[in-house]
Every structure is written in C-alpha cells, then in structure tokens.
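Given next are the chains, with one letter for each unit.
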Amino acid sequence: MALYSTHTGNKPIKYIRNTTIIIVLLLFALATLFPIYFMIISSFGDPVEAGALSYSLWPSKISLDSYKFFFDYSEHSYRWLLNSLIVAGCVTISNVVFATLAGYAFSKIRFKGRTVLFFVLLCAMMIPYQVTQVPLYILIVNVFQIENTYRALIMPGLVTVYNIFLAKQFMTSIPTEILECAKVEGCNQLQIFIRVIVPLSKTVMAVMAILTFMESWNTFFWPFLVTNTMDMQTIQVGLKNFRFANTTYFAPMMAGATISALPMFILFFSLQKYFLEGVTVGAVKG
Amino acid sequence: MAQLAKTQIVKPAKRRRWKGDGGWAYAFIAVALIVYAMFTAYPVVSAFIISFQEYRPLGSVFIGFDNYVNTFQDSLFWKSIKNTIVYTVLTVPVSLFLSFAVAILIIPLKKGLQTTFKAVYYLPAVASGVALSVVWLWIFDPMTSGVLNQLLAVFGISNQNWLGSSASAMFSLVLMAWLSSHGTSIIIYLAALLGIDGSYYEAAELDGASFLQKLWYIVIPCLKPTTLFLLVTGVIGSFQVFQNAYLMTGGGPDNATTMVGLLIFNNAFKYFEFGEAAAQSLILTVIIAGISLIQFKFLGNDVEY
Chain A
160 MALYSTHTGN
170 KPIKYIRNTT
180 IIIVLLLFAL
190 ATLFPIYFMI
200 ISSFGDPVEA
210 GALSYSLWPS
220 KISLDSYKFF
230 FDYSEHSYRW
240 LLNSLIVAGC
250 VTISNVVFAT
260 LAGYAFSKIR
270 FKGRTVLFFV
280 LLCAMMIPYQ
290 VTQVPLYILI
300 VNVFQIENTY
310 RALIMPGLVT
320 VYNIFLAKQF
330 MTSIPTEILE
340 CAKVEGCNQL
350 QIFIRVIVPL
360 SKTVMAVMAI
370 LTFMESWNTF
380 FWPFLVTNTM
390 DMQTIQVGLK
400 NFRFANTTYF
410 APMMAGATIS
420 ALPMFILFFS
430 LQKYFLEGVT
440 VGAVKG
Chain B
510 MAQLAKTQIV
520 KPAKRRRWKG
530 DGGWAYAFIA
540 VALIVYAMFT
550 AYPVVSAFII
560 SFQEYRPLGS
570 VFIGFDNYVN
580 TFQDSLFWKS
590 IKNTIVYTVL
600 TVPVSLFLSF
610 AVAILIIPLK
620 KGLQTTFKAV
630 YYLPAVASGV
640 ALSVVWLWIF
650 DPMTSGVLNQ
660 LLAVFGISNQ
670 NWLGSSASAM
680 FSLVLMAWLS
690 SHGTSIIIYL
700 AALLGIDGSY
710 YEAAELDGAS
720 FLQKLWYIVI
730 PCLKPTTLFL
740 LVTGVIGSFQ
750 VFQNAYLMTG
760 GGPDNATTMV
770 GLLIFNNAFK
780 YFEFGEAAAQ
790 SLILTVIIAG
800 ISLIQFKFLG
810 NDVEY
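Each protein sequence line maps, in turn, to chains A and B. So the first sequence is numbered by my numbering: it starts at 160 and just counts up by one. So the second sequence is numbered by my numbering: it starts at 510 and just counts up by one.
Only chain B is shown next, with the shape it has when bound in the complex (with noise of 0.2 Å):
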C-alpha cells in the first residue's frame, strides 16, 4: 500500500492516479471478498459436491446422484413441497391485498397521521420470531380457556385444537402470518403511491372518473412493478419459511405442516443426512428461480422501470 502511494507522488499523470486507485479499491473490498469466498461461495460450491455424496465425518463416498433420486422418490419430499405451496398461496396474495388496502387507506391522511400509522404497522417486525411464536402458541392454546377459543365461544364456534390437529394446523401458520406485521409491504406501497404523477388523476377527473374507476385505470397499473416486487420477494421467502412451523409445531400433526424448508432441516440437523439435504436444498434454489422467471415473465413484460 505504502508503494502504491509512494508512485502516486511520484508520478501525478491523471490516468496513473486512476491506475494507483485500483489498489485502494482492491484494499477497500478484500475484507468482503475473504468473508464472501468463505461463507457464501464456498459452501455453495460444497453443496454441490456434498450432493453427491453420502456424507461421512471422515471422507465421504460419492453416490452419483441417489441423493437426487431419493428425494424424488420421497412422498414426504413432496408433501412438504405442496405444503410450501399451499402455505405461499394463502399468505403472500392476502398479504399484499392487506398492504395494498392499508396504504390506499393512509394515503389521504395528514402527514403526521400517515408516519404514525406506518410506525405502528411497522412495530410488531421489531419483535423476535422467537418471541411472537411463544405468545401465538398460548393464543392457539386448545384449552376452552385460550385465547382463540374464547374469542370464537363468543360467536358460538366450539373449542378447536389449533395447532394439534392436522386439518387446522395449517391454518393457524396462516393465519399467523395474516396478522404479523405488513408494515414492509405498506411502506414500500405508501412510496409507491407519492410517486404516482397528480397530472393523471387531474386528466382523469376532468373526464368525470370515479374514485373507483380511479383506482382500477391509474393506481393499479402504476403500482405494478411495487407489486410485482413485492410479490417476488414474498414468494421467495415463503418458500424459505422455517422458523414458524419448526417453533410452532414442529412440522406436526402428521407432517402436515413440514415445509420444504424444515424438511431440509430435518434431514440435516436431525438424521444427519447432509447429502440428502444438499440435494434438496438445490432443488429448492431450481423451483425458487424458476417461480420468479415465471413471474417475471407473466406479469412483467409490460412493466417499465
């Protein structure tokens, strides 16, 4: 580093300046590169290779691609995967209909009113998943005395076992996500919305349009490449879900709650089977970057940027 100054004084031509930043630069990026080489690209790379193999603490054996064909042939493999789906499409649809709505709502509001409201969206994302899901189990009690069941005696809904059943174990994952902060969502929408030209909805008032009508031709349209975004990333990580069902239930009743991502899990951090988990974790990467390209292709090839 010292030299690479030193030529700098010596030599103080424009394009050799430019040249000497190319060390600075190279200094300012080596302690990410290391950290990226050695926690990112490394283990992706072991993946790979893991897959191939059944894992053995010393020197594990190639298997070719068993791994693969087991996971294929696995009914709970693809259980999980139809969990995954079913868990994605109740929540991230709904979640962003509730975003959605939520920021239209705030929109005409005062400024002050509008920063309130976001903050009190945003306050339940600070807490720990660890902590809202110890509250929720308590609320999901199956006990006459719990919380949802009290609620729903009111309404004369008898007592249902929440999470301890397989018919309604899902439901209570989703509508847990239902109720968990949107605030992200709502905030990205609000920006979306200021960002909308007022010279449209002026051309459209003069031609006598309705708040609806509104709505439908220019806030929807305008806001497509929010919603798309926000669509991707929420499909994205739904299908990574895991901390829920794992604290939650645990995967049960049943496996009717195992996702891809605690079937990963498992088969890594329970049976030890790093191979299988490998395997599976890469096919996972596969649907996730094929569901966006889908997306993408569906919905964004009208959307400008």
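One chain only, chain A, in its complex shape (with noise of 0.2 Å):
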C-alpha cells in the first residue's frame, strides 16, 4: 500500500521497473557529478599550456606534476590550506560552544526577554547579506583595523544565528522532567549543560560542527574581500588567484580545485551520515 503498486505476484515486472529506475536516477547523477570526474581526471595530466590540447575524458596517463606546478606556483600554497584550517577549524569549535550554550538558554531556561530576543536573532535570516557587507567591511577595515588577519576572517563567523536555530529547535524536545532532577540534585544550570545536555545533544552538535566547517572552508567572498596578501589568504581565494594568474595552464587549475575539494570528499566519505541528516534537521516542519 504505496504509492508505487506493489506488483504481488508479478516479480518480473517489478524487477523491470526497478532497474528502469536506477538507470534513469543513474544517468542524471552522472550529469551532476562530471564536473567532478572531469576534475579529477585532468588533473593528471601535464602542466602545459592548453593552446591546442584537447581534452580527454579518460586518463591517459597519470603524473602528480600538474600538482606540484599548483603548489610551485607561490610560495604560500600551502600556507592557503592551512589558512583555510585555522580559520574554519576556529569559527567551528566557536560556533558548536556558543551556539549550543545560547540554543540551550532559549529552549531549556525562562529569562525576561526571552521571546524578544530569540525574534531578533531570527529577524536577521530575513536579511541579504548584501546589506551587512559593506558596513561590516567598513568596520573590519576602518574602524578595527584588523584587515588581513585571522581575527578579520574568524570574528564575523564566531555564532551564526542558523546554528543558534538548529541548536533550539533540536533543544525544544528534550524532556523538561531530566532537567529538573538535576536541578533537585543540587545541578546548576552549567552542570546541567555539560552531564544533561551535551551528551544528549552529540548528534546535533556533530550535524552543526559539519556544516559550519564546510561552510566555512568553501566561502570565498568573506576572505576574498579582508585579505591582501598571499600568506593571509584562504584556499578558494588563493586558488581564484592562481586561476586568474595562469589562465591557459589547463590541468593545474584543476589540480588546484581538486585540492581545494579535497578535504570535503574526504570529510563527506567518512561522515556521510551526518551530512545527510543536517540537511533535514530544522529544515522541515513534522
């Protein structure tokens, strides 16, 4: 009783259907993920330029010097992938912290104000981020002065208002009753968060600590626009400059996306599951 008929008694048809299926759901994946096969696979070949290099879809040989020629190209090409680490490895570890500890205080805990101030962090989902870049530029830049470091790049990240969400809306169905009883044994409300909600809370604090450190690892305008010198900069930006530097040297731009994808694929493979289910966490209602 589905909406698909059941086929009871007729294996064959169903077997039929079924494969049609996977074929079809087959044939459009493949469309979506060629840009990353066709990635991957040119970043074997030779760092020459592409003048009349034809592209090969199949590798015809592989050589690792097209990475090495993306990694020659400055010598802070591997200070990008440590930049990109320190930053989002920062605004993850400060976002799971604070986001839960402010996700617990609006679910779990009755203060003046309450309602008012969770409308107003949520106000701010309402708003394109093109209305806070140019003050928040103003302020990083002029005010603080403190373009080009890692406080410019971390500060703005440190607590977004979708994490503080994703911890409530989590938060909400944990039964009132277990925080009492710690209450009545003599918990304050830190004890209670550290033994009561951090460890009933993992799946959601994993779910954020994935999707923020994604999150950050792949934004490009934030550092793009508060860093100015190589060895400040982030992956992404240092693999849009490598691009625009070298515009004819085919298989290193894509040695240099591969490597700026890489750690994502490896992150996605062994956490699969997490990345999944945050899609559906706080994203739809019943």
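By construction, these hints were calculated from the structure, which means they are not laboratory data. Where hints are given, some of them may not hold.
Pair by pair, the computed Cβ-Cβ distance ranges are [as the list claims (entries may be wrong)]:
| no. | chain 1 | residue 1 | chain 2 | residue 2 | range |
| --- | --- | --- | --- | --- | --- |
| 1 | B | V598 | A | K173 | 31 to 41 Å |
| 2 | B | V663 | A | Y309 | 44 to 54 Å |
| 3 | B | V663 | A | S222 | 23 to 33 Å |
| 4 | B | F571 | A | I252 | 38 to 48 Å |
Below, computed lysine-lysine pairings styled on PhoX-like, alpha-carbon distance capped at 25 Å [claimed, not checked]:
| no. | chain 1 | residue 1 | chain 2 | residue 2 |
| --- | --- | --- | --- | --- |
| 5 | A | K432 | B | K620 |
| 6 | A | K170 | A | K267 |
| 7 | A | K361 | A | K342 |
| 8 | B | K619 | A | K432 |
| 9 | B | K806 | A | K170 |
| 10 | B | K619 | A | K173 |
| 11 | A | K271 | A | K361 |
| 12 | B | K591 | B | K779 |
| 13 | A | K173 | B | K779 |
| 14 | B | K733 | B | K806 |
| 15 | B | K723 | B | K620 |
| 16 | A | K267 | A | K173 |
| 17 | B | K723 | B | K591 |
| 18 | A | K361 | A | K432 |
| 19 | B | K619 | B | K779 |
| 20 | B | K620 | A | K173 |
| 21 | A | K170 | B | K779 |
| 22 | B | K588 | B | K779 |
| 23 | A | K170 | B | K620 |
| 24 | B | K723 | B | K733 |
Some chain A residues flagged as far from chain B (calculated, every beta-carbon gap over 12 Å) [claimed, not checked]:
| no. | residue |
| --- | --- |
| 25 | I245 |
| 26 | N322 |
| 27 | I337 |
| 28 | P358 |
| 29 | T362 |
| 30 | N377 |
As the structure is a computational prediction, the values presented were derived from the model and not from experiment. Cβ coordinates follow ideal geometry from the N, Cα and C atoms, glycine included.
Two independent chains are provided; combine them into the complex using the hints.
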C-alpha cells in the first residue's frame, strides 16, 4: 500500500520497473557528477599550456606534475590550506560551543526577554548578506583596522543565527523533567548543560560542526574582501588568484580545484550520515 | 556569577531558583548576542545610514535620497533586476521539478539504494563554488576542443562561444545551475514523501486510482508545504546570487549576466560607491521580502503546517 503498485505475484514486472528507475537515476547522477569527474581526471595531466590540447575524458596517464606546478606557483600555496584549516577550525569550535549554549538558554531556561531576543535574532535570517557586507567591511577595515588578519577572517562568523536556531529546535524536544531532576540533585545550570544537555545533543552538535566547517572552508567572498597578501589568503581565494594568473594552464588549474575540494570529499565520505542528516534537521516542519 | 550561585544555595525556594537561572541564561547567550550586535545588528543600522550618505573615509556627507533616486534612474540597475528575474525563473522551478522527480523515483527502491542515491546526489554540494567555477570554465571553453562544443558536434551543432556572447552567457549560467547539486531539495522532498500517511494510498487504491492519479491527488497536495518552503528559499537564494556570475563571466558580456548581487558588489568594492551599494542592498531586501510575501499569500493560504 504505497504510491507505487506492489506488483504482488508479478516479480518480473517489478524487477524491470526498478531497473529502469535505477538507470534513469544513474544517468542524471552522472550529469551532475560529471564536472567533478572531469576535474579529478584532468588534474593528472601534464602542466602544459592548453593551446592545441584537446581534453580527454579518460586518463591517458597519471602524473602529479600539475599538483607540483600548483604548489610551486606561490611560496604560500601550502599556507592557503593551513589558513583555511585554522579559520574553519576556529569558526567551527566557537559555533558549536556558543550556539549550543545559546540554544539551550533559549529552549530551556526561562528569563526575561527570551521571546523578544529570539525574535530579533531570527530577523537576521531574512536580511540578505549584501546589506551587511559594506558596513561590515568598513567596520573591520576602517574602524578596527584588522584587515588581513585571522581575527578579521574569523570574528564575523563566530556564532551564526542559523546554528542557534538549529540547537534550539533540537533541544526543545529534550524532556524538561530530566533537567528538573538534575536541578533537584543540586546541579547548577552550567553543570546541567555539561552533564545532561551536551551528552543528549551530540548528534545536533556533530551536524552543526560538519556543516559549519564545510561552509567556512568553501567560503570565498569574505576572505577575498579582507585579505590582501598571499600569506593570509585561504585556499579558495588562492585558487581564484591562481586561475587569473595562469589562464591557459588547464591541468594545474584542475589540480588546484581538486586540492581545494578534496578535504571536503574525504570528510563527506567518512561522515556521510551527518551530512545527510544535517539537511533535514531544522529544515522541514513535521 | 558567583554571587548568583550563592543566592541559590541560601534561598532554595523554587521560584527563587528560576529567578537565579536568569543570570545563567544571560551568560549563556552573552557571546551570541555580542557577536550578533556587532556583526549583524550594527551593520544593518549602519547600512541604513550609509544609504543616505555619500561615503568618504573622513566624514561622510548626508545627501538625502540621492542614492535611491540615482539607483532608480540607472538603466543598469533595471537590467540587473531583469537578469536576476530571468535567472530565477529559469533555475528555481526546474530545480524544484528535477528534485521532485528524483525523489519520486528514489522512493520505491530499497533503503540501502535510497541512501546511496542520496549521497551521490548530495556529493557535488560539498565541492566549493570556486572549484566548480574553474571546472565549468573549461567545460564552456569556446574552442572546438571544448567539452561542451565536442558534445554538441556529435549532434551536428556548430561551435558556441558560451560565456563570451551575450546571447548564450546567461543560458550557460542557467545550465550550470541545472546540473549543480540538487541533493538538499531531493533529501527534503524524500523526508516529506516518507511522511505521507499510507492510509491515503490505501483508500485511493480501493477506489481504483492509477499511479498518476495518486501522484496528482495525494502526493502533490501533501507536499505543498515542502514545495512552498523550497520555492521561497530557492527564490531568496537566487536573488542573492553573486559568486557564479562574478567568477564565470564577471557580469559580461555587455552586462548580460550582471545580476543585482554582482551590481551591488561592483558598486561597493570596484567603484567604492558605498552609499549607492547600501541603498541598492536595502531595495533588494524590500524586493525579496515582497516576493516571499506574495508567494505565501498565493500558495500558502490552504497550506496546513
């Protein structure tokens, strides 16, 4: 009893139907995966100018010379990866700690102004980032004068409203009785948070950590605005600069793109469950 | 904080306890509020003020509504609005349809296969926009050796200057959006599909409903809230699109792919017209809010949450 007929007693029809479906799904999947396949395959080519070269969809040879070419482009190429790691790491840790704390306070502690404050926070999610980008740039560059520092890269992303919302949504479902028990036992709020809330919220914290890390690693716009020397750039900004400096070097460009995406692929394959769960946590009602 | 803890011990009455927790709550949200105030609330207020000024590093000058008037008289602004609308209309509905179709096709498969396909469709979303733009740039290579041109040659279609001609540049960006990851919407649709009560189908089958009838009378109405959610978030996202236009075409040729997000970026960080950029960003906010409201009004009136 479902959307599809079950074809009881007619196995071959069901088999043919499912096979057809799988083929259609695979074809579309191939189309969306093609750019990534093309990127990885081409990155093993030779670092020569693209002039008369025609692209092949099969690896004719496997050489890592293009990767070497990419890293040789600037003495800071390795630093880009490190910078991305430092920025994404700090942003992730701070988001997990502070968004979970705030989410707990908003969902389980009664205090004056709770509803109003949370509403004010939610308003932020409706404002396009174009509105804040100019004042934020002026604030960081002209007022604080911390352009081209890790602080400039990290500070605006310390806690995002989205993560607070995610934590609050999740924690609302934790039974209040447990927290009251802990209170009767003499725990203060910080102890309740550490001993009761955190162990119960591991899933949402993992989801938050992964999504925040991915977003921070992949972000291009803000690091591009506030960095101006090669040694402070993140891998995304570095890749963009490499592209504009070496417009004809096809394989090295693909190697650079692969390098910038590879950490996320590794993360995705090892923590797939949390990635997929992250999409539905807090996204759909009911 | 120590003092608050002490009152708690001295006066263990229940009401007192809740009152004491207020201090904890403020401590817990303190960092979030400070970050919010500094990097979101202040910039929004500031953007509002800047939009009435001509920005100068040492003391800006108030010029009233000039930035807004200039924007509305600027033909490039209207062109960018038009481009944004074209892009949105061509990408968002197609993306919704593709996600819906894929979700419907995944549903009858076994659990393990479902998860595999979810992962496969989600995978392109983890690659950064910059990396993908680099790849697409070569796919759109205008030479005969370009990947897409080679593919078209198989069908006997001649060479196209994909990103370089104003006729096809916008279409190229749209094609890129069609073939990007739809994983998020597919997973959200799947979750909603699994939430439909089986008894609806049962009743329909007793009445002899076909697959298409079930799709039309049960699935589509039941998924209306999900579709509305994806439509509104999709349109909002599409109106802010900046990165692909910036990295792939830079808005050209002849501003054929200049969208509002890119226009604001150019005004702000290419020409340093902060006032005009701020005014345009606030206009964009109003447009986005308006479109969301219209969508809720026309599509959301019989949606039950």
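Hint-by-hint comparison with the structure:
Separated by about 39 Å at the C-beta atoms, B/V598 and A/K173 satisfy the suggested range of 31 to 41 Å. Checked against the hint of 44 to 54 Å, the pair B/V663 and A/Y309 passes, with Cβ atoms roughly 50 Å apart. Between B/V663 and A/S222, the C-beta spacing of about 29 Å keeps the proposed range 23 to 33 Å intact. As the Cβ distance of B/F571 to A/I252 is approximately 43 Å, the hint placing it in 38 to 48 Å holds.
Distance restraint check for A/K432 and B/K620: the Cα-Cα separation of roughly 14 Å lies within the 25 Å cut-off, and the hinted pair is therefore satisfied. Simply put, A/K170 and A/K267 have alpha-carbon atoms about 53 Å apart, too far for the 25 Å limit, and the pair is violated. In summary, the hint linking A/K361 to A/K342 is supported, as the alpha carbons are separated by about 21 Å, within the 25 Å threshold. Under the criterion of a C-alpha separation no larger than 25 Å, the hint pairing B/K619 with A/K432 is consistent with the structure, at around 17 Å.
For the proposed pair B/K806 and A/K170, the alpha carbon gap of about 47 Å is over 25 Å, so the pair is violated. Only pairs whose Cα atoms come within 25 Å are accepted, and B/K619 paired with A/K173 is accepted, the gap being roughly 12 Å. At most 25 Å may separate the alpha-carbon atoms for a hinted pair to count; A/K271 and A/K361 exceed this at roughly 28 Å. Distance hint between B/K591 and B/K779 is fulfilled; the C-alpha atoms sit about 22 Å from each other, no more than 25 Å.
A threshold of 25 Å between alpha carbons decides the hint, and for A/K173 with B/K779 the separation of about 60 Å lies outside it, so the pair is violated. Proximity of B/K733 to B/K806 is assessed by CA-CA distance (about 13 Å); at most 25 Å being required, the pair is judged to hold. With a C-alpha separation of about 22 Å, the suggested pair B/K723 and B/K620 falls inside the 25 Å cut-off, and the hint holds. Note on A/K267 and A/K173: the hinted pairing is violated, with a Cα-Cα distance of about 50 Å set against a maximum of 25 Å.
Under the criterion of a C-alpha separation no larger than 25 Å, the hint pairing B/K723 with B/K591 is inconsistent with the structure, at around 38 Å. Proximity of A/K361 to A/K432 is assessed by CA-CA distance (about 14 Å); at most 25 Å being required, the pair is judged to hold. Distance check on the hinted pair: B/K619 and B/K779 sit about 53 Å apart at the alpha-carbon level, beyond 25 Å; violated. Of the pairs offered as hints, the one joining B/K620 and A/K173 holds, with about 16 Å between alpha carbons and a cut-off of 25 Å not exceeded.
Our distance criterion of 25 Å between C-alpha atoms is broken by A/K170 and B/K779, whose separation comes to about 64 Å. Note on B/K588 and B/K779: the hinted pairing holds, with a Cα-Cα distance of about 19 Å set against a maximum of 25 Å. With a C-alpha separation of about 19 Å, the suggested pair A/K170 and B/K620 falls inside the 25 Å cut-off, and the hint holds. For the proposed pair B/K723 and B/K733, the alpha carbon gap of about 15 Å is at most 25 Å, so the pair holds.
The Cβ of A/I245 sits about 17 Å from the closest Cβ of chain B, beyond the 12 Å cut-off, so the non-interface label holds. With a cut of 12 Å on Cβ distances, A/N322 falls inside the contact zone with chain B, its closest approach being about 9 Å. Annotated as non-interface, A/I337 keeps its C-beta farther than 12 Å from every C-beta of chain B; the closest such distance is 16 Å. Listed as a non-interface residue, A/P358 keeps its Cβ farther than 12 Å from every Cβ of chain B; the least gap is roughly 17 Å.
Against the 12 Å criterion, A/T362 stays outside the reach of chain B, whose nearest CB is about 16 Å from its own CB. In this structure A/N377 is not separated from chain B by more than 12 Å, as the shortest Cβ-Cβ distance comes to only about 4 Å.
Checked against the numbered hints given earlier, the structure breaks hints 6, 9, 11, 13, 16, 17, 19, 21, 26 and 30 and satisfies all the rest.
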